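Chemist: Protein chains in written order, with our numbering: chain A, 1 to 113; chain B, 1 to 118.
FYI, nobody ran anything at the bench for these hints, they're computed from the structure.
Source: prediction; values computed, not measured.
Even glycine gets a Cβ: it sits at the ideal position worked out from N, Cα and C.
A few of these clues could be false.
Far from chain A, by Cβ distances over 12 angstroms, these chain B residues were calculated [unchecked claim]:
| no. | residue |
| --- | --- |
| 1 | Asn71 |
| 2 | Ala72 |
| 3 | Ser73 |
Derived lysine to any residue pairs resembling SDA-like cross-links, with alpha carbons at most 20 angstroms apart [as the list claims (entries may be wrong)]:
| no. | chain 1 | residue 1 | chain 2 | residue 2 |
| --- | --- | --- | --- | --- |
| 4 | A | Lys42 | B | Ser87 |
| 5 | B | Lys68 | A | Thr100 |
| 6 | A | Lys42 | B | Arg114 |
| 7 | A | Lys42 | B | Val89 |
| 8 | A | Lys1 | B | Val89 |
If you want a taste of the chain A side facing chain B, the calculated C-beta under 10 angstroms gives, among others [to be verified]:
| no. | residue |
| --- | --- |
| 9 | Val4 |
| 10 | Ser28 |
| 11 | Gln34 |
| 12 | Lys42 |
| 13 | Leu49 |
| 14 | Tyr76 |
| 15 | Ala91 |
| 16 | Thr100 |
| 17 | Thr102 |
| 18 | Phe103 |
So the chains spell out like this:
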Amino acid sequence: KQEVTQIPAALSVPEGENLVLNCSFTDSAIYNLQWFRQDPGKGLTSLLLIQSSQREQTSGRLNASLDKSSGRSTLYIAASQPGDSATYLCAVEGDSGYSTLTFGKGTMLLVSP
Amino acid sequence: DAGVIQSPRHEVTEMGQEVTLRCKPISGHDYLFWYRQTMMRGLELLIYFNNNVPIDDSGMPEDRFSAKMPNASFSTLKIQPSEPRDSAVYFCASSLLGAGGPVGETQYFGPGTRLLVL
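Kindly generate the complete structure, drawing on both the sequences and the hints.
Modeler: Spelled out as structure tokens, the structure:
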């Protein structure tokens with residue numbers, strides 16, 4: 001059974017800092033890995049999707065990398081802003097033929113002005 | 001498109017009562033997913049549908065939970081009878097494609113229904 005772990009569970013940084021969020025998964029048989037953002041009281045919004053054949057994806061100040069063989073992914077946020085404060089969840093989609101995502105419990109990020 | 005719509009947004013009920021959560025997926029999406037989120041267990045998949053047909057309900061916790069999708073634009077998740085341990089945020093999500101597509105398809109989440117069973 002796939003298990004996804006995110007470290008740290010919470011992170012507080014001052015504005016302007018670069019930061020890295022970590023995600024690890026136990027089964028490397030995945031189709032893709034996604035990073036989502038969840039704001040308090042809201043649903044999840046997809047930030048980046050990395051196919052299993054890819055090494056990284058970039059969107060603005062966000063860069064996500066994937067090392068499938070070691071079961072790890074990182075989300076790099078450059079020049080953090082207070083608006084980046086949210087919970088970030090990592091999810092993997094298995095290659096069993098089913099469209100199911102397995103989520104980590106997330107990293108709660110607080111960026112202070 | 002308005003995105004995935006869920007109702008109600010908040011529900012407070014007493015133990016033993018029936019609870020019905022509703023979801024309208026994004027038009028044209030073939031897949032619909034129901035998730036439950038708690039602090040202890042995180043986000044868990046309960047059931048998902050493809051073209052209105054339930055494909056995998058292995059995440060449904062017990063017989064008190066049931067889900068239906070009578071048409072492409074509507075799904076319900078019912079809990080009967082409800083228990084305090086069912087208190088959680090329930091999310092509905094939809095996607096256009098299934099697993100393993102060459103492009104990779106994300107899921108679009110609704111705002112969730114926050115359920116409190118007293």
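Chemist: Does each hint hold? Answer for all of them.
Modeler: Okay, the hints, checked on the actual structure:
For asparagine 71/B, the shortest C-beta to C-beta distance to chain A comes to about 20 angstroms, beyond the 12 angstroms cut-off, and the non-interface label holds. With a least CB separation of 16 angstroms from chain A, alanine 72/B remains clear of the 12 angstroms interface cut-off, as annotated. Every CB of chain A is more than 12 angstroms from the CB of serine 73/B (nearest about 18 angstroms), matching its label as outside the interface. A threshold of 20 angstroms between alpha carbons decides the hint, and for lysine 42/A with serine 87/B the separation of about 17 angstroms falls inside it, so the pair holds.
Restraint check: the Cα-Cα separation between lysine 68/B and threonine 100/A comes to about 18 angstroms, which is no more than 20 angstroms; the hinted pair holds. In summary, the hint linking lysine 42/A to arginine 114/B is supported, as the alpha carbons are separated by about 10 angstroms, within the 20 angstroms threshold. For the hint pairing lysine 42/A with valine 89/B, the CA-to-CA distance comes to about 10 angstroms; that is within 20 angstroms, so the pair holds. Between the alpha carbons of lysine 1/A and valine 89/B the distance comes to roughly 24 angstroms, so the proposed pair goes past 20 angstroms and is violated.
Of the supplied interface hints, the one on valine 4/A holds, with its beta-carbon coming within about 9 angstroms of a beta-carbon of chain B, less than 10 angstroms. For serine 28/A, the suggested interface contact is broken, since its CB lies about 15 angstroms from the closest CB of chain B, more than 10 angstroms. Hint status for glutamine 34/A: holds, given a least beta-carbon distance of 6 angstroms to chain B, under 10 angstroms. A cut of 10 angstroms between beta carbons decides the hint on lysine 42/A: the least distance to chain B is about 6 angstroms, and the hint holds.
This hint holds: leucine 49/A has a C-beta 5 angstroms from the nearest C-beta of chain B, less than the 10 angstroms allowed. Because the smallest distance between the Cβ of tyrosine 76/A and any Cβ of chain B comes to about 20 angstroms, over 10 angstroms, the interface hint for this residue is violated. Restraint check, alanine 91/A versus chain B: the minimum CB separation of about 8 angstroms is within 10 angstroms; hint holds. Residue-level restraint check for threonine 100/A holds (minimum Cβ-Cβ distance to chain B is 6 angstroms; threshold 10 angstroms).
Because the smallest distance between the Cβ of threonine 102/A and any Cβ of chain B comes to about 8 angstroms, under 10 angstroms, the interface hint for this residue holds. Hint status for phenylalanine 103/A relative to chain B: holds, with the closest Cβ pair at about 4 angstroms, below 10 angstroms.
Hints 8, 10, 14, counting from the list given before, are not met by this structure.
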